[in-house]
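Peer 1: The primary structure of each chain is shown beneath.
There are 2 protein chains.
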Amino acid sequence: MIILLDMDGVLADFEMGLLQTFKSKHPEKPCIELQDRTQFYAHLQYPPDSRQLIQDIVYAPGFFRNLPPIPGAMEACRALAQSRHELFICTSPLSKYEHCVLEKYQWVEEHLGMAWTRRMILTKDKTLVHGDFLIDDKFPIKGVRTPTWEHLLYSQPYNRSVQGKRRINWQNWRSMIPD
Amino acid sequence: MIILLDMDGVLADFEMGLLQTFKSKHPEKPCIELQDRTQFYAHLQYPPDSRQLIQDIVYAPGFFRNLPPIPGAMEACRALAQSRHELFICTSPLSKYEHCVLEKYQWVEEHLGMAWTRRMILTKDKTLVHGDFLIDDKFPIKGVRTPTWEHLLYSQPYNRSVQGKRRINWQNWRSMIPD
Chain U
1 MIILLDMDGV LADFEMGLLQ TFKSKHPEKP CIELQDRTQF YAHLQYPPDS
51 RQLIQDIVYA PGFFRNLPPI PGAMEACRAL AQSRHELFIC TSPLSKYEHC
101 VLEKYQWVEE HLGMAWTRRM ILTKDKTLVH GDFLIDDKFP IKGVRTPTWE
151 HLLYSQPYNR SVQGKRRINW QNWRSMIPD
Chain E
1 MIILLDMDGV LADFEMGLLQ TFKSKHPEKP CIELQDRTQF YAHLQYPPDS
51 RQLIQDIVYA PGFFRNLPPI PGAMEACRAL AQSRHELFIC TSPLSKYEHC
101 VLEKYQWVEE HLGMAWTRRM ILTKDKTLVH GDFLIDDKFP IKGVRTPTWE
151 HLLYSQPYNR SVQGKRRINW QNWRSMIPD
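Those sequence lines, one after another, are chains U and E. Residue 1 is where the first sequence starts when you use the working numbering, and the numbers rise one by one after that. Residue 1 is where the second sequence starts when you use the working numbering, and the numbers rise one by one after that.
Bear in mind the hints are in silico, worked out from the structure with no lab data behind them. Take these hints with a grain of salt, some might be off.
One copy or any two copies: either way a pair holds, since identical chains are not told apart in the list.
To be verified - In the EDC-like style, the derived pairs of lysine to aspartate or glutamate whose C-alpha atoms are separated by at most 16 Å in a straight line are:
hint, residue 1, residue 2
1, K25, E150
2, K96, E28
3, K165, D132
4, K25, E98
5, K25, E109
6, K124, D49
7, K96, E86
8, K25, D56
9, K142, E86
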């Protein structure tokens with residue numbers, strides 16, 4: 001089987017990196033704790049006067065490179081790589097790609113090793129990529145095609161209202177993906 | 001239909017950029033003119049004492065960003081984008097990704113416009129990407145799957161010995177791709 005792994009919110013802890021940076025750069029501003037996040041895009045949930053601050057953090061050099069791994073994700077990646085499945089990292093860069101694109105490769109090299117950078121697929125349209133499963137925290141995932149993969153929704157506070165998808169996380173994944 | 005366009009050797013003139021840089025940096029060394037190139041990888045055709053020089057040029061900052069467009073390619077892209085087909089740029093970055101990855105996006109933005117960067121798919125394995133046609137100068141194109149696309153071989157001097165593929169170039173493409 002071919003398993004596609006999304007990166008932000010599945011391997012790299014985008015929300016944790018964003019919250020920590022926001023708190024440290026703007027301690028006087030109200031922030032939204034991770035468990036209180038209810039929308040996929042943080043800047044849409046923050047007060048209007050913080051939206052540009054959120055964007056500035058995400059677009060700044062070093063943001064993607066310095067994201068912490070999601071707890072359990074690196075161990076799951078290494079276990080999956082030892083299985084009979086083919087693994088790829090399928091990630092959509094920001095439209096403002098300047099730092100994001102290179103730093104995603106650097107992040108994978110740092111946390112998983114150089115060989116894993118060969119598994120990377122960068123695309124705005126994941127429906128074009130063949131796979132049996134796509135593990136992704138975003139919903140819905142749109143594109144030009146009907147995908148071949150089943151979207152397993154990686155559970156995060158901001159997607160808890162999504163209905164009708166099988167959910168996965170790095171604690172329960174072994175029961176979701178056949179050996 | 002979904003048409004996947006390779007980048008180096010199809011949109012961006014990798015061989016021309018390499019030859020011009022080699023001549024200017026190493027005027028004392030023998031070089032191989034474009035029409036005399038017979039192997040896909042230039043460093044394998046150059047004399048042993050020039051192979052590292054070739055690699056150094058390709059890995060240097062600015063190499064990918066400064067490649068000239070293949071004659072006719074930008075016009076063909078714009079014409080295809082006006083057609084009913086879906087177009088994507090499907091390109092494999094160097095394993096030494098440091099400059100190549102970002103510069104490929106910059107090249108597309110410069111020569112085709114920012115909106116085209118959304119059409120980019122970076123992957124080492126193109127067999128995973130769904131399409132009806134892949135226009136690519138490399139042969140063979142290997143990966144984990146049997147591709148859905150027909151590989152139309154973009155004709156270049158270094159692939160002229162390849163047999164059994166339909167060939168395309170930016171002069172004859174209209175007869176190869178249905179309206």
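Peer 1: Confirm or reject each hint.
Peer 2: Hint check results:
1. K25 with E150: Answer is neither: 39 Å inside a copy and 51 Å across each miss the 16 Å cutoff.
2. K96 with E28: neither (28 Å within a copy, 42 Å between copies)
3. K165 with D132: Cα proximity of K165 and D132: one copy only (15 Å, versus 30 Å across).
4. K25 with E98: Result: close neither inside a copy nor across copies, 22 Å intra and 29 Å inter.
5. K25 with E109: neither (28 Å within a copy, 32 Å between copies)
6. K124 with D49: Close neither inside one copy (29 Å) nor across copies (42 Å); limit 16 Å.
7. K96 with E86: Cα proximity of K96 and E86: none, with 30 Å in one copy and 22 Å across.
8. K25 with D56: So K25 and D56 pass the 16 Å test inside one copy only (11 Å; across, 41 Å).
9. K142 with E86: For K142 and E86, only the inter-copy Cα distance (15 Å) is at most 16 Å; the intra-copy one is 23 Å.
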